[in-house]
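Asks: Chains as they are written, first to last, in the numbering used here: chain G, 1 to 282; chain V, 1 to 291.
If you're looking for bench data, these hints aren't it; they were derived computationally from the structure. Just so you know, these numbers come straight off a predicted model, no measurement behind them. Careful: at least some of the hints might be erroneous.
Claimed, not checked - Which residues of chain G face chain V? A few of them, derived with a C-beta cut under 7 angstroms, are:
no.: 1; residue: H39
no.: 2; residue: F43
no.: 3; residue: D44
no.: 4; residue: P89
no.: 5; residue: P91
no.: 6; residue: D101
no.: 7; residue: P105
no.: 8; residue: W106
no.: 9; residue: T108
no.: 10; residue: P116
no.: 11; residue: A119
no.: 12; residue: F144
no.: 13; residue: H148
no.: 14; residue: H150
Quick reminder that beta carbons are idealized off the backbone N, C-alpha and C, glycines included.
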Amino acid sequence: MHTPAFQLVRPPAGVAPLLSVDKVSLEYRSEQRTVRATHEVSFDVFRGDRFVLLGPSGCGKSSLLKAVAGFIAPRSGSITMEGLPIKKPGPDRVVVFQEFDQLPPWKTVLENVMFPLLASKRLDKVAARERAHHWIAKVGLAGFEQAHPHTLSGGMKQRVAIARALAMQPEVLLMDEPFAALDALTRRKMQEELGRLWEELRFTLVFVTHSIEEALVVGNRILLLSPHPGRVRAELNSHQFGLHSAGSAEFQAASSRIHGLLFDEETTVAETAEHDLHRSAV
Amino acid sequence: MSLLLEPPIRQEFVYAAPPPAGIAVELPLPRWQRLWQQAGWRKGLILIVLALLWEGAARWTNNDLLLPSFWQTAQAFVGGIASGELLTRTGASLNVLLQGYVLGLLAAFLLTLLAVSTRIGRDVLETLTAMFNPLPAIALLPLALLWFGLGRGSLIFVIVHSVMWPLALNTYAGFQSVPETLRMAGRNYGLSGLRLVLHILVPGALPSIVSGLKIGWAFAWRTLIAAELVFGTTSSGQGGLGWYIFQNRNELYTDKVFAGLAAVIVIGLLVENIGFRTLERVTLKRWGMQR
Numbered sequence: 001m002h003t004p005a006f007q008l009v010r011p012p013a014g015v016a017p018l019l020s021v022d023k024v025s026l027e028y029r030s031e032q033r034t035v036r037a038t039h040e041v042s043f044d045v046f047r048g049d050r051f052v053l054l055g056p057s058g059c060g061k062s063s064l065l066k067a068v069a070g071f072i073a074p075r076s077g078s079i080t081m082e083g084l085p086i087k088k089p090g091p092d093r094v095v096v097f098q099e100f101d102q103l104p105p106w107k108t109v110l111e112n113v114m115f116p117l118l119a120s121k122r123l124d125k126v127a128a129r130e131r132a133h134h135w136i137a138k139v140g141l142a143g144f145e146q147a148h149p150h151t152l153s154g155g156m157k158q159r160v161a162i163a164r165a166l167a168m169q170p171e172v173l174l175m176d177e178p179f180a181a182l183d184a185l186t187r188r189k190m191q192e193e194l195g196r197l198w199e200e201l202r203f204t205l206v207f208v209t210h211s212i213e214e215a216l217v218v219g220n221r222i223l224l225l226s227p228h229p230g231r232v233r234a235e236l237n238s239h240q241f242g243l244h245s246a247g248s249a250e251f252q253a254a255s256s257r258i259h260g261l262l263f264d265e266e267t268t269v270a271e272t273a274e275h276d277l278h279r280s281a282v
Numbered sequence: 001m002s003l004l005l006e007p008p009i010r011q012e013f014v015y016a017a018p019p020p021a022g023i024a025v026e027l028p029l030p031r032w033q034r035l036w037q038q039a040g041w042r043k044g045l046i047l048i049v050l051a052l053l054w055e056g057a058a059r060w061t062n063n064d065l066l067l068p069s070f071w072q073t074a075q076a077f078v079g080g081i082a083s084g085e086l087l088t089r090t091g092a093s094l095n096v097l098l099q100g101y102v103l104g105l106l107a108a109f110l111l112t113l114l115a116v117s118t119r120i121g122r123d124v125l126e127t128l129t130a131m132f133n134p135l136p137a138i139a140l141l142p143l144a145l146l147w148f149g150l151g152r153g154s155l156i157f158v159i160v161h162s163v164m165w166p167l168a169l170n171t172y173a174g175f176q177s178v179p180e181t182l183r184m185a186g187r188n189y190g191l192s193g194l195r196l197v198l199h200i201l202v203p204g205a206l207p208s209i210v211s212g213l214k215i216g217w218a219f220a221w222r223t224l225i226a227a228e229l230v231f232g233t234t235s236s237g238q239g240g241l242g243w244y245i246f247q248n249r250n251e252l253y254t255d256k257v258f259a260g261l262a263a264v265i266v267i268g269l270l271v272e273n274i275g276f277r278t279l280e281r282v283t284l285k286r287w288g289m290q291r
């Protein structure tokens with residue numbers, strides 16, 4: 001009853017995916033044993049996608065993102081970008097993390113945004129400064145260039161991280177639950193601004209979240225992962241939804257459909273309990 | 001009658017909430033409170049109280065040979081500076097101290113660099129610091145005298161030993177405490193190896209490094225003065241502060257002994273309050289890494 005008939009869409013002809021994840025299994029090794037984080041996960045990300053990895057905690061979505069970023073090598077399977085395998089971290093795949101300490105506290109906002117441009121030797125100091133000013137203004141932080149991160153609020157710190165990432169003009173922008181540590185009002189505002197930036201710039205985004213609402217609002221395509229180890233449960237479209245559609249009947253239907261897909265393995269009692277838990281988490 | 005407590009339902013209100021008029025949002029503190037906020041004034045007061053206590057105790061014992069008064073010591077101190085003797089002795093000590101300190105610093109940095117880049121390097125650092133950090137540098141002096149002879153080389157050897165282990169230990173602990181996210185951010189932009197260490201790990205570990213520098217400085221001073229008490233005449237025939245103290249004790253110039261000790265203390269205070277404090281103010285405090 002949860003799953004309506006799948007939309008039938010013809011496969012895109014002649015367009016090659018930008019990022020290809022093929023049967024990737026990730027493992028964590030501790031001293032005693034290895035723990036499998038994901039099992040044979042495959043998906044393709046195309047240019048301009050806002051691709052969301054969605055799942056409960058323990059489904060390996062953050063690990064997948066870190067593997068795409070090049071921090072973790074897959075146990076098996078391959079990750080390729082424009083046909084070339086990903087071997088190590090690089091400035092063509094910039095990550096925005098959830099934690100605020102991703103910004104070096106010893107650098108001002110301006111220096112923080114300039115830092116990757118200089119570290120990757122893309123630009124000289126003058127050009128980097130100019131570009132940093134542009135992106136700081138873009139995320140609405142003009143006037144805070146000389147502030148140190150510890151004087152900023154959580155939302156402002158994440159904006160600095162986003163400006164820093166966008167200034168690099170990466171092939172793919174990777175975001176690992178970037179708004180999860182923010183309060184609900186700020187989070188909504190940041191989702192709005194991310195949407196506005198995407199409308200303007202059309203970058204490629206891979207976005208990890210555990211919130212169904214956020215996934216529907218931010219993404220145009222959602223990969224659902226089931227936990228322990230992470231496996232692909234479904235790949236859905238959500239391009240028709242935006243912030244304005246939250247609360248509409250279709251949005252509610254899509255939300256409960258995803259909910260059903262994520263939790264159908266459990267008994268009804270557990271499901272309602274999980275549902276309530278998840279509601280309060282969102 | 002119900003036992004459940006029901007709060008009354010009240011009227012709703014909506015106000016315009018304009019900014020308050022006629023009330024200053026910020027008020028300056030009174031003058032004496034502002035003075036009291038500055039650590040310099042508070043610490044100056046502590047020093048004055050200590051000097052007064054000393055003066056009182058000296059007058060009460062009334063024995064110049066055992067405990068000269070603050071005033072006599074101050075006179076000996078000023079006299080020593082006027083004659084130039086105290087200054088040249090201090091200069092000789094500081095010269096050796098700085099050489100040993102810088103060498104120890106370099107050694108500690110190389111050792112920690114090795115420790116963060118390879119696992120065997122980490123094992124080397126852990127084993128060596130566990131072995132040598134508890135070993136008092138002064139205990140190595142007899143050996144150093146045997147190897148390097150009676151002079152500057154021996155002093156520098158023991159100072160390097162006293163600086164490098166605590167500094168390496170602190171620096172390494174600081175590197176370990178740099179958040180994983182920050183390291184990943186650095187690697188994300190293509191930093192690795194020495195560049196990652198210099199751009200991310202060193203500034204990220206600066207609180208620990210500064211405290212290591214302070215400990216190293218104190219250890220170096222102690223070791224140097226103690227070593228000079230054992231032998232003072234370096235090859236140039238010019239001893240340092242420790243030798244000055246030792247000589248004057250032999251000749252029972254107790255006020256000069258105190259003046260020599262005071263010189264050690266004054267340099268310690270200056271380095272702490274001007275050197276390290278300034279370093280902390282322009283880095284750690286400004287970056288919000290220290291209160």
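Asks: How about A119 of chain G: closest beta carbon in chain V under 7 angstroms, or not?
Replies: holds (4 angstroms)
Asks: Hey, does the T108 of chain G contact hint survive, CB to chain V under 7 angstroms?
Replies: This hint is violated: T108 of chain G lies away from chain V, its Cβ roughly 10 angstroms from the closest one there, beyond 7 angstroms.
Asks: Quick one, is the H148 of chain G hint okay against chain V at 7 angstroms, beta carbons?
Replies: OK, holds: H148 of chain G within 7 angstroms of chain V, min 6 angstroms.
Asks: Would you check whether H150 of chain G satisfies its interface hint, that is, whether its CB is within less than 7 angstroms of any CB in chain V?
Replies: holds (3 angstroms)
Asks: Holds or violated: H39 of chain G as interface residue toward chain V, Cβ cutoff 7 angstroms?
Replies: Violated, about 24 angstroms.
Asks: If you take the shortest Cβ to Cβ gap from F43 of chain G to chain V, is it below 7 angstroms?
Replies: F43 of chain G check fails; min Cβ-Cβ to chain V is 22 angstroms, beyond 7 angstroms.
Asks: Using the nearest Cβ pair, does P116 of chain G come within less than 7 angstroms of chain V?
Replies: holds (4 angstroms)
Asks: Checking hints one by one. Is F144 of chain G an interface residue toward chain V, by the C-beta closer than 7 angstroms rule?
Replies: violated (15 angstroms)
Asks: Are D44 of chain G and chain V close enough, Cβ to Cβ, to be under 7 angstroms, as the hint says?
Replies: violated (23 angstroms)
Asks: Less than 7 angstroms between beta-carbons is the criterion; does P89 of chain G satisfy it with respect to chain V?
Replies: holds (5 angstroms)
Asks: Go through the hint on W106 of chain G and say holds or violated, using the shortest Cβ distance to chain V against 7 angstroms.
Replies: The hint holds - W106 of chain G has a Cβ within 7 angstroms of chain V, the shortest such distance being about 5 angstroms.
Asks: Is the shortest C-beta separation between D101 of chain G and chain V less than 7 angstroms?
Replies: holds (4 angstroms)
Hint compliance for this structure: hints 1, 2, 3, 9, 12 are not met, and every other hint is.
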